[in-house]
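Residue numbers (our numbering), protein chains in the order written: chain A, 1 to 325; chain B, 326 to 626; chain C, 627 to 867.
Check before you lean on any hint, since a few could be wrong.
[To be verified] Derived EDC-like pairs (lysine to aspartate or glutamate); straight-line CA-CA distance at most 16 angstroms: (1) C:766 - B:417; (2) C:746 - C:785; (3) C:808 - C:828; (4) B:422 - A:233; (5) A:74 - A:129; (6) A:74 - A:141; (7) B:451 - B:329; (8) C:766 - B:546; (9) C:766 - A:141; (10) C:808 - C:857.
[Claimed, not checked] Ranges between beta-carbon positions, derived for each pair: (11) B:593 - A:141: 49 to 59 angstroms; (12) B:328 - C:699: 25 to 35 angstroms; (13) C:655 - B:584: 54 to 64 angstroms; (14) A:303 - B:612: 28 to 38 angstroms; (15) A:135 - B:393: 49 to 59 angstroms.
In short, the hints are calculated from the structure, not lab data. For every residue, glycine included, the Cβ atom is placed at its ideal position computed from N, Cα and C.
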Amino acid sequence: MRGLHVYILLAVAAVALACVDQLNSYWMHVAIIAMFYGILAASWSLLAGYAGLFSLGHMAFASVGGYTSALLVKWYGIPIPLGMAAGIAMCCLLGGVVGWVCLRMSGPYLAIFTLGFAEIIRITFSTEDDVTAGMAGLHTEPLFHTVSRLPYFYTSFALLAASLAIMGWIVRSRWGLFLRAIREDEQAAAASGIAVARFRILVFAIASGFAGLAGVFYAHYIPILTPSLGGLDLMAVLVVMTVIGGMERLPTAVGGAFAVEFLLELLREYGQWRLPIFGVILLVTMRFARNGLLTPIWLRFVRLGEPRSAAPPVARDAGQEDSRA
Amino acid sequence: MSWDYLFIQSANGAVIGVIYALIAVGVTLIFSILKIVNFAHGDLYMLGGYCAYYVITLFGVPPLAAMFVSMMALFVLAIILERTLLTPLYSDATERKDEYGLIVTFGLAFFLRNMAIIVFGPFPLKPPSFVPGVVRIGNLIVTNDRLFAGVVGIALILALLYFMQRTIWGQALDAVSQSRESAAIVGINTQRFNSFAFGVGAALAAAAGALIAPIFSLAPDMGVLPNIQAYVIVILGGMGSVVGSILAGVVLGETESLFTAFLPDATRALAYTNAFGVLVLMAVLIFRPTGLFGRRHLRME
Amino acid sequence: MSGGVELVRAAGLSKHFGGIFANDAVEFTVEEGDLIGLIGPNGSGKTTLINMLTGHLMPDGGEVILRGRRVSGRPAHFFAAMGVARTFQLTQLFGRMTVLENMLVPGLTRPHSHWHAVEKRARDYLEFLNLAQVASLNAKNLSGGQQRLLELGRCLMLDPAVLFLDEPFAGVHPQLRDELLKRIQELHQSGRTFVVVDHDMESILRISRRLVVMARGRKIADGPPDAVRTDQAVLAAYAGL
Numbered sequence: 001m002r003g004l005h006v007y008i009l010l011a012v013a014a015v016a017l018a019c020v021d022q023l024n025s026y027w028m029h030v031a032i033i034a035m036f037y038g039i040l041a042a043s044w045s046l047l048a049g050y051a052g053l054f055s056l057g058h059m060a061f062a063s064v065g066g067y068t069s070a071l072l073v074k075w076y077g078i079p080i081p082l083g084m085a086a087g088i089a090m091c092c093l094l095g096g097v098v099g100w101v102c103l104r105m106s107g108p109y110l111a112i113f114t115l116g117f118a119e120i121i122r123i124t125f126s127t128e129d130d131v132t133a134g135m136a137g138l139h140t141e142p143l144f145h146t147v148s149r150l151p152y153f154y155t156s157f158a159l160l161a162a163s164l165a166i167m168g169w170i171v172r173s174r175w176g177l178f179l180r181a182i183r184e185d186e187q188a189a190a191a192s193g194i195a196v197a198r199f200r201i202l203v204f205a206i207a208s209g210f211a212g213l214a215g216v217f218y219a220h221y222i223p224i225l226t227p228s229l230g231g232l233d234l235m236a237v238l239v240v241m242t243v244i245g246g247m248e249r250l251p252t253a254v255g256g257a258f259a260v261e262f263l264l265e266l267l268r269e270y271g272q273w274r275l276p277i278f279g280v281i282l283l284v285t286m287r288f289a290r291n292g293l294l295t296p297i298w299l300r301f302v303r304l305g306e307p308r309s310a311a312p313p314v315a316r317d318a319g320q321e322d323s324r325a
Numbered sequence: 326m327s328w329d330y331l332f333i334q335s336a337n338g339a340v341i342g343v344i345y346a347l348i349a350v351g352v353t354l355i356f357s358i359l360k361i362v363n364f365a366h367g368d369l370y371m372l373g374g375y376c377a378y379y380v381i382t383l384f385g386v387p388p389l390a391a392m393f394v395s396m397m398a399l400f401v402l403a404i405i406l407e408r409t410l411l412t413p414l415y416s417d418a419t420e421r422k423d424e425y426g427l428i429v430t431f432g433l434a435f436f437l438r439n440m441a442i443i444v445f446g447p448f449p450l451k452p453p454s455f456v457p458g459v460v461r462i463g464n465l466i467v468t469n470d471r472l473f474a475g476v477v478g479i480a481l482i483l484a485l486l487y488f489m490q491r492t493i494w495g496q497a498l499d500a501v502s503q504s505r506e507s508a509a510i511v512g513i514n515t516q517r518f519n520s521f522a523f524g525v526g527a528a529l530a531a532a533a534g535a536l537i538a539p540i541f542s543l544a545p546d547m548g549v550l551p552n553i554q555a556y557v558i559v560i561l562g563g564m565g566s567v568v569g570s571i572l573a574g575v576v577l578g579e580t581e582s583l584f585t586a587f588l589p590d591a592t593r594a595l596a597y598t599n600a601f602g603v604l605v606l607m608a609v610l611i612f613r614p615t616g617l618f619g620r621r622h623l624r625m626e
Numbered sequence: 627m628s629g630g631v632e633l634v635r636a637a638g639l640s641k642h643f644g645g646i647f648a649n650d651a652v653e654f655t656v657e658e659g660d661l662i663g664l665i666g667p668n669g670s671g672k673t674t675l676i677n678m679l680t681g682h683l684m685p686d687g688g689e690v691i692l693r694g695r696r697v698s699g700r701p702a703h704f705f706a707a708m709g710v711a712r713t714f715q716l717t718q719l720f721g722r723m724t725v726l727e728n729m730l731v732p733g734l735t736r737p738h739s740h741w742h743a744v745e746k747r748a749r750d751y752l753e754f755l756n757l758a759q760v761a762s763l764n765a766k767n768l769s770g771g772q773q774r775l776l777e778l779g780r781c782l783m784l785d786p787a788v789l790f791l792d793e794p795f796a797g798v799h800p801q802l803r804d805e806l807l808k809r810i811q812e813l814h815q816s817g818r819t820f821v822v823v824d825h826d827m828e829s830i831l832r833i834s835r836r837l838v839v840m841a842r843g844r845k846i847a848d849g850p851p852d853a854v855r856t857d858q859a860v861l862a863a864y865a866g867l
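The following block holds chain A by itself, in its conformation from the complex (with noise of 0.2 angstroms):
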């Protein structure tokens, strides 16, 4: 049965929303924030796999679109969801002009460039603490006033699920072949017809939209927000999900974050060990297995329904990729 691997997919999400209830808590925010660093890692995944633009400004993005969402609703007393468009719009927007400032630059200078930015930001919003309140923290509005995380859950799952719909839809479609193509040859993209500068800035403001979906959501569940959100330590952690999930698609990236942050969690009793031992599996997947560890899982998984006959002519190349869905 071709699709075999939707369905299946489709089973166990249905499945998963029945028995949620049944976690605690504790594990309810587990796979909450799991799916918060989904969102983050598939965006990520558009913005550095796909189109090849290696961004260590995302969760600085987030961290935009958290604070001014937090901020709008306290200083405006606007209702929630309104507070967190304008976060995402402000992301948008601001993608976009980073998107626009980095044309010119590569690879690792996009890199510094973005590393930089998310420094300031970082930097200004601890230090403009009469506005921000700083590294104390920001006391948030929280979406829900209800005790249990169950609203929570579900909607961080509506989040994810439409984010992967929509990123899901662009990577399938002709601008999902644009972007890989500006990875692979910027050039030869653009003598193909295809308007690079146009779809640098795209792109860029689409993933920073995302994180700031992600971070907007984070705003109004954690009740304090402070810059470290933004900072480096979490964007190495982003950068090290995706990566070991497989930082060329979605839901390789997206199961990088997931698998990874299940296992932060199932092994706090090692306590600051496991960032390290995190920064081992990163180095080892690089050398080793560069296209992730759960690449080649997936690509057999979306085989699963398909007769062996149906099988592609065999590739010389032993990386050779499918369609990069």
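We have chain A; now place chains B and C onto it with these hints.
For chains B and C alone, kept in the frame of chain A given last:
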């Protein structure tokens, strides 16, 4: 604003500048020769500082000697890291080498920083002074350590420049950093060379860490900002230009200190000093995406 | 010369790098139906000229005129959309995308294009170029000659009026080179205009109806092959290498 205060700030700025120069020269060498931006450089600087600290406190080695021990230790460590992690950069089978270098050094930085928190503890440590006491000039006080750091730093830089002009290995470093192809033609074994270059870069960073430790003390995240400053300097001074990096390092150190001196609000000044370098960096990259003196486009083709 | 519609014109194009004029006031017209061989010693500025005529390089002086419109300074994708296609000296393909995807990309940039129709056209061209059996392979796994054919295919997907081929025969197996020449001739016969840069004189002379010679940034000859081959200035330029 008194002249005294300005003078102190300038002196501080000069010392910091020399330290920056040491770090930046390492980044430049590594970039020119291995063609990667080393995101872990700040953490090598951090390890150098801690290594000196432990050599002093555990083995009673005098501080200056400890600095040299630290340089050697980091030299060796860097070679090991290069052999294990960076060899794919030399193989044609590796694609998107830029990205590989980015992610691997970024991951290495993440690993080193978090290991440091575990091994050394999160609280700041301060090694004993190189030269205790202070110097009085009129009614100004400058700590001996700062003077010492400045002097030793300059000496190391001069030694490096001499090494690169006068010795075979050094001249080879200079040659390869300017043109990889001609170096290969002349018969320099580029593989071994890369290890050597990475080691030299790390050793310089270690020296910087050891020199700054008695002044500003050690912490596991002390390398994060110097890392960024190093990029500022290297991009300002020209990727691939050792002399450019030295000059830019000193200029940045001075400018930061003077910037702090002129900002009225003290707490803001300190925080934004760090941002200052970053803003300069971003401004340069916007107007000159290949850096001020960018000799080569930053690609591995 | 066919005396037909003027497609691309270089009007006094100049480009300098440092103090050197890579192109010095070059005047050059491509008319519909032409098959022009653009030759000259190394460093004569041929690739620079092509880069300017296809939007990959901004001229320092003069104008690029496409179908009567001044287009200097427009980005490369604009030229592609206007029907100007080019290949590169070192084949630049989308290495980790499949052969079919490489073909789809330019096709899908055309406005009002539908995926099914574009895919059909792509597969038809792959048949024409003898690449149908490798359609699912990643482009980087093709042989050198196959890669050149694929680059030609990518150009065709733009439905171009004029194709600039930059050293298409360099390092190509003689057998494949003949195949390439045949394809170019067939495409020319069905109405496409070509400007081919190469050092392989034999191939160039086999297909060109008109030769343009450049030396040290200037155009020094422009005419039917027989005339150009005996032109004194041309001989001097090559001899003076």
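The hints, checked one at a time:
This hinted pair checks out: residue 766 of chain C and residue 417 of chain B have alpha carbons roughly 13 angstroms apart, not beyond 16 angstroms. Proximity of residue 746 of chain C to residue 785 of chain C is assessed by CA-CA distance (about 14 angstroms); at most 16 angstroms being required, the pair is judged to hold. Restraint check: the Cα-Cα separation between residue 808 of chain C and residue 828 of chain C comes to about 14 angstroms, which is no more than 16 angstroms; the hinted pair holds. Only pairs whose Cα atoms come within 16 angstroms are accepted, and residue 422 of chain B paired with residue 233 of chain A is rejected, the gap being roughly 24 angstroms.
Straight-line distance between C-alpha atoms of residue 74 of chain A and residue 129 of chain A comes to about 15 angstroms, which keeps the hinted pair within the 16 angstroms bound. The suggested pairing of residue 74 of chain A with residue 141 of chain A holds, with an alpha-carbon distance near 7 angstroms, which does not exceed 16 angstroms. With a C-alpha separation of about 28 angstroms, the suggested pair residue 451 of chain B and residue 329 of chain B falls outside the 16 angstroms cut-off, and the hint is violated. In summary, the hint linking residue 766 of chain C to residue 546 of chain B is not supported, as the alpha carbons are separated by about 42 angstroms, beyond the 16 angstroms threshold.
Between residue 766 of chain C and residue 141 of chain A the CA atoms are separated by roughly 53 angstroms; this puts the pair beyond 16 angstroms, and the hint is violated. Annotation: proposed proximity of residue 808 of chain C to residue 857 of chain C is violated, straight-line Cα distance about 28 angstroms (limit 16 angstroms). Here the CB-CB span from residue 593 of chain B to residue 141 of chain A is close to 29 angstroms, at odds with the stated 49 to 59 angstroms. Between residue 328 of chain B and residue 699 of chain C the CB atoms are about 53 angstroms apart, so this pair departs from the stated range of 25 to 35 angstroms.
Taken as a hint, the range 54 to 64 angstroms holds for the pair residue 655 of chain C and residue 584 of chain B, whose Cβ atoms sit roughly 58 angstroms apart. Between residue 303 of chain A and residue 612 of chain B the beta carbon distance is about 50 angstroms. The supplied range of 28 to 38 angstroms is therefore violated. Residue 135 of chain A and residue 393 of chain B have their C-beta atoms about 39 angstroms apart, which leaves the hinted 49 to 59 angstroms range violated.
When the structure is compared with the earlier hints, violations turn up for hints 4, 7, 8, 9, 10, 11, 12, 14, 15 and for no others.
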